[in-house]
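Asker: Using the sequences provided together with the hints, build the complete structure.
Number of protein chains: 2
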Amino acid sequence: MTTTWTPGALAERSAALDDADPLAPLRERFLLPEGFVYLDGNSLGALPAAVPPVVADVVHRQWGADLIRSWNDNAWWQAPERVGDAVGRLIGAAPGQTLAGDSTSVQLFNALTAAARSRPGRPLLLTDPANFPTDQYITDSVARLLGLEVRRVPVAELPLFLAREGERVAVAGYSPVDYRTGELYDLAVTTRAVRRAGALMLWDLSHAAGAMPIEVDELGVDFAVGCGYKYLSGGPGAPAYLYVARRHQEGFDQPLTGWNGHADPFALSGGYTPAEGVGRGRIGTPPVLSLLTLEAALSVFDGVDLALVRAKSLSLTGFLLECADTLLSGLGFTVVTPREPARRGSQAVLRHPEAHALAAALTERGVVGDVRAPDLLRFGVNALYVSHRDILAAVCHLREATELGEYRQQRFRRRATVT
Amino acid sequence: MTTTWTPGALAERSAALDDADPLAPLRERFLLPEGFVYLDGNSLGALPAAVPPVVADVVHRQWGADLIRSWNDNAWWQAPERVGDAVGRLIGAAPGQTLAGDSTSVQLFNALTAAARSRPGRPLLLTDPANFPTDQYITDSVARLLGLEVRRVPVAELPLFLAREGERVAVAGYSPVDYRTGELYDLAVTTRAVRRAGALMLWDLSHAAGAMPIEVDELGVDFAVGCGYKYLSGGPGAPAYLYVARRHQEGFDQPLTGWNGHADPFALSGGYTPAEGVGRGRIGTPPVLSLLTLEAALSVFDGVDLALVRAKSLSLTGFLLECADTLLSGLGFTVVTPREPARRGSQAVLRHPEAHALAAALTERGVVGDVRAPDLLRFGVNALYVSHRDILAAVCHLREATELGEYRQQRFRRRATVT
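From first to last, the protein sequence lines stand for chains A and B.
First residue of the first sequence? That's 1 in the numbering used here, and the numbers climb one at a time after it.
First residue of the second sequence? That's 1 in the numbering used here, and the numbers climb one at a time after it.
Each hint should be verified, as a subset may be incorrect.
Which chain B residues face chain A? A few, computed with CB under 8 Å, are given here [said to hold, decoys possible]:
#, residue
1, 28
2, 47
3, 50
4, 55
5, 60
6, 76
7, 109
8, 136
9, 137
10, 255
11, 256
12, 259
13, 270
14, 336
15, 372
What the simulated footprint calls covered on chain A by chain B, stretch by stretch (three residues with Cβ under 8 Å from a Cβ of chain B suffice, anywhere in the stretch; the number is not a length) [stated by the list, open to error]:
#, stretch
16, 40-46
17, 324-337
18, 366-379
Worth flagging that the hints you see were computed from the coordinates, not collected in a lab.
As the structure is a prediction and not an experimental result, all values here were calculated from the model.
All C-beta atoms, glycine included, are put in the ideal place defined by N, C-alpha and C.
Answerer: Below, the structure is given as structure tokens:
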């Protein structure tokens, strides 16, 4: 289905949509470079204005002046739980169930191992063959260590698979948004199907948290992990998070038994006794600078209704698809992201054989999206700082770059962008 | 053995030692608070002056302005190897064998598992019953996952144990410095004994790196890990490091198979193919802010001869013991740290029944050391910024605080200091 909007009408429409946008003032919470359209916030979120003063304080006063006393006096020791709770508010987790720290890969390893250990006699770990690579690699590694098998089952086929072999499944580890296509799956349906089979549901929320309301408690999710640097805008390589539903905390039997997760870490005992509550998920000493940066960044969500964020995100990606239909027609692009709002995450993805070179040409023009091999142009929208005018500008540039054949001047290069 | 120095003579001696100290100018490389004696750099190193401008640049320019392009343009992607090599220079590792990232606990888990996997048929993992808790917990966890057994063998008894059961040992994981007593063990003797048995030597260098010359390549060490926030002064919870001797890299079969360690991470393949070289030890996306802070901090070692650092460190701890002998005589203190220089790390430790309260009283007086349960007062010296005058001042304050009974006013509290 293509629309009949003309370029002029699209310009008017983008302006009207922006003028009516209740979230437009949130853009001021970010320090965005001038003259730049940033559609890669699903890879690295933009810099929140609240971050620099906090970082300066952490470096100069907390580290430089207060030194070791900051573990108490500036509450560094409590940061993993405190920042975890701040993430928890965005994913529908009541306090005391979410921790911040380490990378998504590490949190996934810990959670998946602990989850599988709590379902003895069930030999299967499930993951999506389209899941983000680290999720697949870590699942394979955990299976090898625990003597389990991995089955790669697409999320759409999950109900059927579970009906057949559900009682052999220990844990199903899935991502609600396909990081390449932007397709959004139904968290509620999937979670119900997995739990009905007596298996445990683990979600990797990296591409969803902060972009839409998520209700892990309400849905009965067992475990969740996710990264801090996409829609949470926590900075490059920001600490990840781990959600352990309260009912699983007492039995959370993790392999990464670092001393910070000990019931009495400063007793410095030679044997591991895990802490009560989600604190037992802590591993080693966390990177405080990065962790407190994430905390400062999360203040961009203060007072923000995630339902409005989701509505605007859909408006932005929907508008991008409309613009593509109108402006890119006949230029070799295919829309990959589902058009139905309920099936769309917070990115719009176009397929084009020159995707890499076009992304490079766009960057030259001040429009930053990214590419996923082999031929996907990915445009992520963070509704807190992206406008409909940005979207139109991006598609106009893409049209010009394609029409002018600019991609022919761009040497093919694989950019080291981090999803 | 007590000395006959009088307080006045000690003051003269401290001044003379400082005046003759070739490393004295290095203190300017740190931003130390005024009127403060900081003897807890073995727990959290002081703030290097090179850090704040780098952090500001990383936040404002690299993250804020360059955004996602920084993974290439500001070489974020290469940071784990680059910062790893900078650490490698301090531990005698030729380039390409050291990585920075994650916490010591995580690096230890990865290294120990990979090491044990490369010695099939050998059922034992050895560690010291006095090793830092996380080392013991992680060793237990790895043994459980791999179906191995842990034997806690004090380093002094290691040669005898290896003579008896050496061929059953897969990996020996030890720390060269006892984090409580400050005792230093002989890395060369221990490494030789372990390797002669056909086992693998893994050192946790947290309490040694940056405080003395270490030669992992020359000694034939197999693996090493360590933290970045003690003598490396990399900031609170700074990323740790992992050393994998080149001969072990091809077989390094790690459990934390995050996508950053993949041979071609941006091919985003569903199956894990490890990178060549030490890069395969990478796990998830690293906390860039903390990592580049560590990199900036390591510049404090530029042009510094670690043999001089070691000599000064011994002079400082030796002087502390002398001061204690003279000034604390009859006040209930016992010297715990070995007096022989070759057996002394970079801290001096005194036992006192009121250790906790005395440490609190000292902090009130502007002297910061720390305490290890139940009764050890620990004074760490970083020879790059601690002076002999600092040492004398600390011991004088300790004497006064004890004589005046100030510890009675200090409520007992266990401080959340991080070793």
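Asker: If you check each hint against the structure, which ones fail?
Answerer: 1, 3, 14 and 17
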